[in-house]
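Q: The lines below spell out each chain.
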Amino acid sequence: MEETTSHLAENLAWMAWTWQTGVFFAVIASLLVILTVIAVWKPERARVGVLGIPTTRGDRFFITLLGSAFINLAWLALVGPELGWALALCLVYALAVFRLV
Amino acid sequence: MMEKPLNNRAWLLVAPVFLIVAFSAILPIMTVVNYSVQDTFGNNQFFWNGLGWFQELLDPSTELGGRFFDALWRNLMFSAIILAIEVPLGILVALSMPRDGWKVAATLVLMALPLLIPWNVVGTIWQVFARADIGLAGWALNALGIPYNYTGDVISAWVTIVVMDVWHWTSLVALLCYAGLKSIPDAYYQAARIDGASRWAIFTTIQLPKMKRVLLIAVLLRFMDSFMIYTEPFVLTGGGPGNATTFLSIDLVKLALGQFDLGKAAAMSLVYNLIVLAVCWVFYTVMTHAGTERPVREIAS
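If you read the protein sequences in the order shown, they are chains P and U.
When the letters of the first sequence are read in order and numbered with this note's numbering, they come out as residues 1 to 101.
When the letters of the second sequence are read in order and numbered with this note's numbering, they come out as residues 1 to 301.
Read the hints as simulated data drawn from the structure, not as lab findings.
Mixed in with the good hints, there may be bad ones.
[Said to hold, decoys possible] Derived Cβ-Cβ restraints for the label pairs, each shown as a range:
1. Leu-274/U to Leu-12/P: 48 to 54 angstroms
2. Phe-260/U to Trp-85/P: 33 to 39 angstroms
3. Thr-124/U to Leu-91/P: 34 to 40 angstroms
4. His-7/P to Ala-10/U: 34 to 40 angstroms
5. Pro-54/P to Ala-106/U: 15 to 21 angstroms
6. Ile-38/P to Met-224/U: 18 to 24 angstroms
7. Phe-70/P to Ala-106/U: 43 to 49 angstroms
8. Pro-54/P to Asp-133/U: 40 to 46 angstroms
9. Leu-110/U to Trp-19/P: 41 to 47 angstroms
[Unchecked claim] To be clear about the criterion: a stretch of chain U counts as covered by chain P if any three or more of its residues have a C-beta under 8 angstroms from a C-beta of chain P, and this derived list gives those stretches:
10. 12 to 21
11. 129 to 139
12. 183 to 196
Virtual Cβ for every residue (Gly too), placed ideally from N, Cα, C.
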């Protein structure tokens, strides 16, 4: 067992993990799992929103993630390295996307 | 219940593909994200740098940010120039292509030829062709008294790269437009002739609207391709003279493999990747949903 974990650590070393990036990916992965569970539990039909295209929850999640990345980058470029309010803005954006798009 | 419930078990068949993609794309991109928040001096030792690289990258007054934005504008400028040339030229070529007979096949084969040549070969062809000392085009231009040297002069380098891209990819735009034109039934032209419509009126009211969708695809395809261009300018100018033709991908390779600044390069490639991803999403959305607003009419051609 010990050997296995040390092997694992060795094989993960090239990926240069940090706990912060670990948390980042864990959050995204768990959101994906939650969306999958919801999709199995309550299947849905795509609906047309403000963009004029049919979107499912998965599409809206993708739009949210991509948009959030740009919100954070814009905040970093225009305001500063404290991303607390940028994340709050992302939450508002996420709500808007899930309600309207 | 009238509706058939969807069977999600088919998704299991996607699992092998997912595994392959995980190894070829997801794990590497995770690694890039990990690199982007750290600094390294080699030997696989990493030091936490938080969002430092991103901040530097997005600030044009720093060295990293300066070169990133320079390369970005250069790249956008390049895309704008080649689109402004290739789209009208492609339409023009498509309009003058023969519509029936043996000439169609001959034209199609000829038009497809440049598309089949590998990028690095295209670069090499033009590298030799445009050389001022032994290249046919470069030598002829200089013999005519036009000073031309793509290794030393910025304008020459840009002209060469733009002409090379136009030579390589106008066929694609033309072939797409030709496909759009072929779908117009003859009855439309007959009606136009009866109404006494001019050539220009036929173009703006019949041909252009019919080509709208393929043109959209052509523009998006050419934008994406030119935004990610690497091989041809790398072979032709290597990003020079100076940094005059250093596009984003060339700069990225210089940063990552030339200077081995993994953190900076990772931050740059992530921002670059996000831009490409956003454009891709627009591309995909437009491709899959364009023309669905109005009912599709079936026309026998």
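Q: Confirm or reject each hint.
A: Status of each hint after checking the structure:
1. Leu-274/U to Leu-12/P: 48 to 54 angstroms: violated (25 angstroms)
2. Phe-260/U to Trp-85/P: 33 to 39 angstroms: Since the Cβ atoms of Phe-260/U and Trp-85/P sit about 35 angstroms apart, the hinted range of 33 to 39 angstroms holds.
3. Thr-124/U to Leu-91/P: 34 to 40 angstroms: Given range 34 to 40 angstroms: violated, Cβ gap about 52 angstroms.
4. His-7/P to Ala-10/U: 34 to 40 angstroms: At 35 angstroms between Cβs, range holds.
5. Pro-54/P to Ala-106/U: 15 to 21 angstroms: Check failed, 43 angstroms falls outside 15 to 21 angstroms.
6. Ile-38/P to Met-224/U: 18 to 24 angstroms: violated (33 angstroms)
7. Phe-70/P to Ala-106/U: 43 to 49 angstroms: Taking Cβ atoms as reference, Phe-70/P and Ala-106/U lie about 48 angstroms apart, which means the hint holds.
8. Pro-54/P to Asp-133/U: 40 to 46 angstroms: Violated: the Cβ-Cβ distance is about 59 angstroms, outside 40 to 46 angstroms.
9. Leu-110/U to Trp-19/P: 41 to 47 angstroms: violated (59 angstroms)
10. 12 to 21: violated (count 0)
11. 129 to 139: violated (count 0)
12. 183 to 196: violated (count 0)
Hint compliance for this structure: hints 1, 3, 5, 6, 8, 9, 10, 11, 12 are broken, all remaining hints hold.
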